[in-house]
Amino acid sequence: MKLPKPIINLIESFERLPGIGPKTAQRLTFHLLHFPEDELARFAKALVGLKRGTSLCSICKNVTDSEICDTCDDYSRDKNIIAVVAGPLDAYALEKAGYKGVYHVLHGLINPLNNVGPEDIFISKLLKRVEESSSPLELILATDTGMEGEATAMYISKQILALNYPENKINITRIARGLPAGGSIEYADDITLARALEGRRSL
439 MKLPKPIINL
449 IESFERLPGI
459 GPKTAQRLTF
469 HLLHFPEDEL
479 ARFAKALVGL
489 KRGTSLCSIC
499 KNVTDSEICD
509 TCDDYSRDKN
519 IIAVVAGPLD
529 AYALEKAGYK
539 GVYHVLHGLI
549 NPLNNVGPED
559 IFISKLLKRV
569 EESSSPLELI
579 LATDTGMEGE
589 ATAMYISKQI
599 LALNYPENKI
609 NITRIARGLP
619 AGGSIEYADD
629 ITLARALEGR
639 RSL
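First residue of the sequence shown: 439, per the working numbering; consecutive thereafter.
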């Protein structure tokens, strides 16, 4: 039995999403097939608006709906502490754990096997941000503790140290105690993340 082309197209679209296999894609598609038409229209509008209505913050590169995100625009935040994270969900996880500094979102990790190099993520923007700062900074390298996260943290640390800033210009720390080896920031609970932030170590 052949499925109608519109159903096949949607199944294939769902399969391109991370964590969605063929069976899940089929279930989602047939679930949507029974949605009332007005709900489907709202769903489609939300999907279109996802790209049209969002952009990257001009300072930290987090996802926002304005030129500068609400975190960078908040004068109560400690702008001298920057948590460097792989993606927006990692920043959201640290936020729930009570972090009060600001962020720099890389939108990826160095991964040679997938042809992702330093030039493919926002490392150069981070280095420029550090260079342009007139105040002493603490840079918390809050990438995952897996191979790609460690490689990215090491690369950033080496790049900054190679610039020979004065000792009081920047303190580079690494998120530490609390996260298991290979642990993901995004999926860690609030208490674990809070402890990992508290236990960060200088590099």
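Hints are computed from structural coordinates only; laboratory data are not their basis. It is possible that part of the hints are untrue.
Straight-line alpha carbon distances no greater than 25 Å define the calculated BS3-like cross-link-like pairs of lysine-lysine that follow [to be verified]: (1) Lys517 - Lys566; (2) Lys538 - Lys566; (3) Lys489 - Lys517; (4) Lys534 - Lys517; (5) Lys443 - Lys517; (6) Lys596 - Lys563; (7) Lys443 - Lys483; (8) Lys483 - Lys517; (9) Lys440 - Lys483; (10) Lys517 - Lys461; (11) Lys538 - Lys483; (12) Lys566 - Lys596; (13) Lys607 - Lys566; (14) Lys607 - Lys596.
Cβ-Cβ distance ranges computed for the label pairs, FRET-style [to be verified]: (15) Lys440 - Ala589: 25 to 33 Å; (16) Ser572 - Lys489: 30 to 38 Å; (17) Tyr513 - Gly555: 30 to 38 Å; (18) Tyr513 - Lys489: 44 to 52 Å; (19) Glu576 - Gly457: 20 to 28 Å; (20) Tyr593 - Thr492: 47 to 55 Å; (21) Pro456 - Pro604: 38 to 46 Å; (22) Asn609 - Leu471: 50 to 58 Å; (23) Phe481 - Asn602: 49 to 57 Å; (24) Leu485 - Glu576: 18 to 26 Å; (25) Gln597 - Lys440: 25 to 33 Å.
Here a beta-carbon is modelled for each residue, glycine too, at the ideal position from N, C-alpha and C.
Which hint numbers does the structure go against, in order from smallest to largest?
-> Of the numbered hints, 3, 5, 8, 9, 10, 11, 15, 18, 19, 20, 24 and 25 do not hold.
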